[in-house]
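J.: Chains S and X supply the protein sequences, listed in that same order.
Position 31 (the first sequence) corresponds to 31 in our numbering; numbering is contiguous.
Position 182 (the second sequence) corresponds to 182 in our numbering; numbering is contiguous.
Be aware that one or more of the hints could be misleading.
[To be verified] For each label pair, taking beta carbons as the anchor points, the in silico distance ranges come out as:
#, chain 1, residue 1, chain 2, residue 2, range
1, X, 146, S, 35, 45 to 55 Å
2, X, 20, S, 34, 15 to 25 Å
3, S, 131, X, 97, 20 to 30 Å
4, S, 163, X, 98, 13 to 23 Å
5, S, 171, X, 150, 44 to 54 Å
6, X, 222, S, 52, 17 to 27 Å
7, X, 191, S, 64, 43 to 53 Å
To be clear, the hints were calculated from the coordinates, so they are not data collected in a lab.
The C-beta atom is built at its ideal place from N, Cα and C for all residues, glycine as well.
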Amino acid sequence: MSSETERDADLQAQMVAYQAGRVEAFDALYVALVPELRAYLLAVCRDAARAEDLLQETFLRLHRARATYQPGLPLRPWVRGIARRVYLMDRRAALRRGRREDAAAADASPVLTATRPGERRGLERALAGVPAEARRPFLLHHLFGFSFAEIAARLGIQPGAAKVRSSRARLRLRALLSGGSDGD
Amino acid sequence: MATSRPAAVPDRLRARVLAEWAPVVPLRSPWRRAWALAPVAAVMAIVAARYWGPQRELDGLGLQVTWFLSAAQWLAGLWVLSLAFREAVPGRVLERRAVLVAALATLAVLAVNLGVKDVLAATVVPAGREWRFWTACVEGPLLLALPVLLLATLYVRRAFPERPVVAGALTGLAAGVLTDAGWRLGCFVTAPSHVIGAHWVAVAALTAAGALAAVLADGLRWRR
Numbered sequence: 001m002s003s004e005t006e007r008d009a010d011l012q013a014q015m016v017a018y019q020a021g022r023v024e025a026f027d028a029l030y031v032a033l034v035p036e037l038r039a040y041l042l043a044v045c046r047d048a049a050r051a052e053d054l055l056q057e058t059f060l061r062l063h064r065a066r067a068t069y070q071p072g073l074p075l076r077p078w079v080r081g082i083a084r085r086v087y088l089m090d091r092r093a094a095l096r097r098g099r100r101e102d103a104a105a106a107d108a109s110p111v112l113t114a115t116r117p118g119e120r121r122g123l124e125r126a127l128a129g130v131p132a133e134a135r136r137p138f139l140l141h142h143l144f145g146f147s148f149a150e151i152a153a154r155l156g157i158q159p160g161a162a163k164v165r166s167s168r169a170r171l172r173l174r175a176l177l178s179g180g181s182d183g184d
Numbered sequence: 001m002a003t004s005r006p007a008a009v010p011d012r013l014r015a016r017v018l019a020e021w022a023p024v025v026p027l028r029s030p031w032r033r034a035w036a037l038a039p040v041a042a043v044m045a046i047v048a049a050r051y052w053g054p055q056r057e058l059d060g061l062g063l064q065v066t067w068f069l070s071a072a073q074w075l076a077g078l079w080v081l082s083l084a085f086r087e088a089v090p091g092r093v094l095e096r097r098a099v100l101v102a103a104l105a106t107l108a109v110l111a112v113n114l115g116v117k118d119v120l121a122a123t124v125v126p127a128g129r130e131w132r133f134w135t136a137c138v139e140g141p142l143l144l145a146l147p148v149l150l151l152a153t154l155y156v157r158r159a160f161p162e163r164p165v166v167a168g169a170l171t172g173l174a175a176g177v178l179t180d181a182g183w184r185l186g187c188f189v190t191a192p193s194h195v196i197g198a199h200w201v202a203v204a205a206l207t208a209a210g211a212l213a214a215v216l217a218d219g220l221r222w223r224r
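Input sequences plus hints: build the corresponding full structure.
T.: Structure follows, in structure tokens:
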């Protein structure tokens, strides 16, 4: 927890240097943020090539919006906010272009960790068996790394409730993956 | 440390970023940005208060009921504007509850101002002139709120909102409340049917207009 805070403090310092016009700070931020952003974008759009495009687009938007970061505030939520917006706008553009299949796929529960097709399908099926209200906190926490306080803010619930729902989803998922039909 | 890092940034991205490279000044806090618009908002509120000339009906009410309550409403509008500016910054979206509280608090301020004035100096629309009063009290605030709404929408757009509809709606609500703070002094009618049916409708229309303006302004950013 504290190392996470320290890491974010380091990123904040890099961001301030970036705003001041230091090119090497942009490079450092890119290196530090790419793994997390790539994982997020891959999880939501489930298409490696598209995720890579969105990753570059996110950094371009981040560059254009760099003045909107307020020094002293955590950097990650700001970056995630931009990435999320880039993804949503891309999805909207896809819908407009008639790529409804892509958008529908993007709407489905994101699954990142399963790499083999069989594993992924099994995990998707199991996730579909988890109630939506529990699935969202679970995925936001375990897949995207949001804290329960951040999840609570996004979903308009208490942090404790987010934690409880995530825990329920985990138990349910474990039961489903181990072959049980009921997770409780 | 930094020697191996530049290679990690794809050349195309690096070229596009460097083409737009310049030091930037970080955005100020939402509250300070809201105060930056305060002079315009104050001028428009004063113009609204004097739109129909001095109101003799208000003379007997005293400063507390007239200008003091309007100042309180004006500050509430500025607070809503600061919330809109906060909402517009990535990663700082407001909780649903905060948006609801802001809307209800604003409504409460409007209701208190309406109630106090109506209790102390009840006046109604002159018979036969209801339509004229209604159009004047809807169109007037709408027009006078435009400068604040347009400037605030530019602020919102610059901040890269995650939810332009919410940020824009709060901007419109703030513009409406700020202007109504003056308009409530300019219109001598205190009847709730008129105030709610015209003044509040103007605020609601501005809220919708703010949401629409923010969406349109934000949409320009995403055109490729």
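J.: For every hint, state whether the structure bears it out.
T.: The hints, checked one at a time:
1. X:146 - S:35: 45 to 55 Å: 46 Å, holds
2. X:20 - S:34: 15 to 25 Å: At 20 Å between Cβs, range holds.
3. S:131 - X:97: 20 to 30 Å: Roughly 23 Å apart at Cβ, these two residues keep to the hinted range, so it holds.
4. S:163 - X:98: 13 to 23 Å: 21 Å, holds
5. S:171 - X:150: 44 to 54 Å: 52 Å, holds
6. X:222 - S:52: 17 to 27 Å: Holds, at about 19 Å.
7. X:191 - S:64: 43 to 53 Å: 51 Å, holds
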